Amino acid sequence: MALRLQIVACPSPLNKCSPVATPILAPFSLRPHQNHRLPTTTTSTTGIGMKANSSRLDSTGRKTSSIRCYSALTPELKTTLDKVVSSHKVVVFIKGTKEFPQCGFSNTVVQILKSLNVPFETINILENEMLRQGLKEYSSWPTFPQLYIDGDFFGGCDIAVEAYKSGELQEVLEKAICS
Amino acid sequence: MAVTREHVEATLKSKLNPSHLVMSRFVLFFVFCDMFMLDVVDTSGGCGASFSIEIATEQFEGKRLLERHRMVNAALVEELKQIHALSITKALTPEQWKQQEDKKSQASA
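These protein sequence lines are chains G and F, in that order.
When we follow the numbering used here, the leftmost residue of the first sequence carries the number 2, and every step to the right adds one.
When we follow the numbering used here, the leftmost residue of the second sequence carries the number 6, and every step to the right adds one.
Quick caveat, the hints were computed from the structure, so don't treat them as lab data.
What you are looking at is a predicted structure, and each value in this text was computed from that prediction instead of being measured.
Just so it is clear, CB atoms sit at the ideal spot from N, CA and C, and this is done for glycine as well.
Hints may be right or wrong, so weigh each one.
Stated by the list, open to error - With the Cβ distance kept under 10 Å, some of the chain F side facing chain G (calculated, not the full set):
# : residue
1 : Lys86
2 : Lys95
3 : Ala96
To be verified - Only pairs whose alpha carbons sit at most 30 Å apart, straight line, appear in this in silico DSSO-like list of lysine-lysine:
# : chain 1 : residue 1 : chain 2 : residue 2
4 : G       : Lys84     : F       : Lys20
5 : G       : Lys90     : F       : Lys68
6 : G       : Lys137    : F       : Lys86
7 : F       : Lys86     : G       : Lys79
8 : G       : Lys90     : F       : Lys95
Just chain G, same shape as in the assembly (with noise of 0.2 Å):
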């Protein structure tokens, strides 16, 4: 119960999926710089956030997701994303930035993987909405973030950390990085 009542602690009105990230977090031996991450994130890049939270919303101010409607992985982009996975041991599409991730989410991941002290890439989807809508039929993952290693899909945040947790994802990016 008490890990449950730090997600009230940091959601922010910008990050409306942060809430489950931090108690995710919390198991974890937090670093005391981390715990400010999240606040700092919100202040310094509202603009961003709130344009990219009000250009999915419609009149009714219900989301929408008509560019689902066709197809949005074009040849090109996919040649393009098999370049970028495989150009670099670790990429993270997120939400915002290595330094400003968005969404609690991207923000766990990103945590992770500093961490972890491995060398990573971050893409921010939130600048282009043909790569956000591109990617989830790219890696048929429907969220964000998306962690790749070695050029091969290895999970959204959830499983992330659970490899984290169970060192699975330690021995994997070792393994990746001696490659």
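Add chain F to chain G, keeping to what the hints say.
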């Protein structure tokens, strides 16, 4: 129409035939358990559905975690179009679920 947790539960039950399904409501810190061990957490804050799920089913037997998550995502493909965030915190086989429960009761004993 917003996706309700009843809807998500019904879909998961019919498609994955879970032995255990726990969905949780973060916003109200409201833990809802009924005789089927259902427990729902809604993280939406009232603006768009958002769920956290713990699920155990025999269909996960012999499957990796990524595959298990894909199965849940596939089962909820329609619902996901309206769900803002879906967090699958546990995807276990009934056997793993039992081990987890045993551990819990040991810890609390």
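Hints and how they fare:
Evaluation of the F/Lys86 hint against chain G yields a held restraint, the C-beta minimum of about 5 Å falling below 10 Å. Hint status for F/Lys95 relative to chain G: holds, with the closest Cβ pair at about 8 Å, below 10 Å. With a cut of 10 Å, the hint placing F/Ala96 at the interface with chain G holds, because the nearest CB-to-CB distance is about 8 Å. Restraint check for G/Lys84 and F/Lys20: the C-alpha separation of about 36 Å exceeds 30 Å, so the hint is violated.
For the given pair, G/Lys90 sits about 25 Å from F/Lys68 by alpha-carbon distance, which is consistent with the 30 Å threshold. Distance check on the hinted pair: G/Lys137 and F/Lys86 sit about 12 Å apart at the alpha-carbon level, within 30 Å; holds. Distance hint between F/Lys86 and G/Lys79 is fulfilled; the C-alpha atoms sit about 22 Å from each other, no more than 30 Å. A distance of roughly 27 Å separates the Cα atoms of G/Lys90 and F/Lys95; the hinted pair therefore holds under the 30 Å criterion.
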